[in-house]
Amino acid sequence: MKDFHGDRIRHIAANPEEYSHFVSSKAERTVGLAKGVGSARKHTSDARYFSYELGNKSVGLLRTEGGFSMSDVFEGEKWKDQFPGRTEITSTTVLRVTHPLVDNAGDILLEHQLRLDGERPLVDSTPASLEAQSRLAAMGYVEVDEANMVLDPTQHPEKWTKNGDGEWQRADKPTLYLSKAGSGEDDDSESAESASTASSHDDFDVDDLTHALDDLLA
Numbered sequence: 041m042k043d044f045h046g047d048r049i050r051h052i053a054a055n056p057e058e059y060s061h062f063v064s065s066k067a068e069r070t071v072g073l074a075k076g077v078g079s080a081r082k083h084t085s086d087a088r089y090f091s092y093e094l095g096n097k098s099v100g101l102l103r104t105e106g107g108f109s110m111s112d113v114f115e116g117e118k119w120k121d122q123f124p125g126r127t128e129i130t131s132t133t134v135l136r137v138t139h140p141l142v143d144n145a146g147d148i149l150l151e152h153q154l155r156l157d158g159e160r161p162l163v164d165s166t167p168a169s170l171e172a173q174s175r176l177a178a179m180g181y182v183e184v185d186e187a188n189m190v191l192d193p194t195q196h197p198e199k200w201t202k203n204g205d206g207e208w209q210r211a212d213k214p215t216l217y218l219s220k221a222g223s224g225e226d227d228d229s230e231s232a233e234s235a236s237t238a239s240s241h242d243d244f245d246v247d248d249l250t251h252a253l254d255d256l257l258a
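Remember, our numbering sits 40 above the position in the sequence shown when you count from 1.
Because the hints were derived from the structure by calculation, they are not lab data. Note that the structure is predicted; figures quoted are calculated from it, not measured. Yeah, the Cβ is synthetic: ideal placement off N, Cα and C, and Gly gets one too. You may find that some hints are simply not true.
Heads up, simulated DSS-like pairs for lysine-lysine below, C-alpha to C-alpha not over 25 Å straight-line [said to hold, decoys possible]:
(1) Lys-199 to Lys-213
(2) Lys-120 to Lys-199
(3) Lys-213 to Lys-118
(4) Lys-213 to Lys-97
(5) Lys-213 to Lys-202
Restraint ranges, calculated between C-beta atoms of paired labels, are given here [said to hold, decoys possible]:
(6) Asp-112 to Ser-85: 13 to 21 Å
(7) Arg-126 to Ser-60: 34 to 42 Å
(8) Gly-125 to Glu-58: 46 to 54 Å
(9) Lys-120 to Gln-173: 15 to 23 Å
(10) Ala-211 to Ser-85: 32 to 40 Å
(11) Lys-199 to Leu-170: 36 to 44 Å
Whole structure, please, built from the sequences with the hints as guidance.
Have a look at this one:
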């Protein structure tokens, strides 16, 4: 499993002349997100953990929590017009962090989350910055109040579609589209892709999973 704010990622962030300003900026965001996650952990029985692996390296981490009643959490009633007939969020994204040299790992993790949420997912996220809001908006999320953005893929056919197996995927990307960004890594280009999953409903201990995630991001 990759240390998402270790020396390797910091080197990428500090060397835009080697990796490009775009990739180094991504690395800087990855470091900031990975370092900051320890301050707001609240693991429940609904917690789910995902690692997207390229060969034997994790290039993306996702942690989700269960959904909630929108009337209990969102300020105002804007959401009633945005999602007519809907009352429940299906899942919440707590953490999504990806390797800066790998394109689309975040998209694939989000695809996986949508697929687990079923036919009509409503995914909540709480962006920590204007930049994060812009990235979520590019994926189809809409703002429901000052703290929350929600994705309903059924409202954005230009961004989300169903593949031949009836599973959610990005409309403008082929299946299994994980790719490397830039030219900073010299391996893994032919490595197998896999997603490992654990949840409180599997034969795993939530505390053990919490400690494992903490160790990874320490």
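Tested hints:
no.	hint	result
1	Lys-199 to Lys-213	holds, 9 Å
2	Lys-120 to Lys-199	holds, 22 Å
3	Lys-213 to Lys-118	violated, 31 Å
4	Lys-213 to Lys-97	holds, 23 Å
5	Lys-213 to Lys-202	holds, 12 Å
6	Asp-112 to Ser-85: 13 to 21 Å	holds, 18 Å
7	Arg-126 to Ser-60: 34 to 42 Å	holds, 41 Å
8	Gly-125 to Glu-58: 46 to 54 Å	holds, 51 Å
9	Lys-120 to Gln-173: 15 to 23 Å	holds, 22 Å
10	Ala-211 to Ser-85: 32 to 40 Å	holds, 34 Å
11	Lys-199 to Leu-170: 36 to 44 Å	violated, 20 Å
Checked against the numbered hints above, the structure violates hints 3 and 11; every other hint is satisfied.
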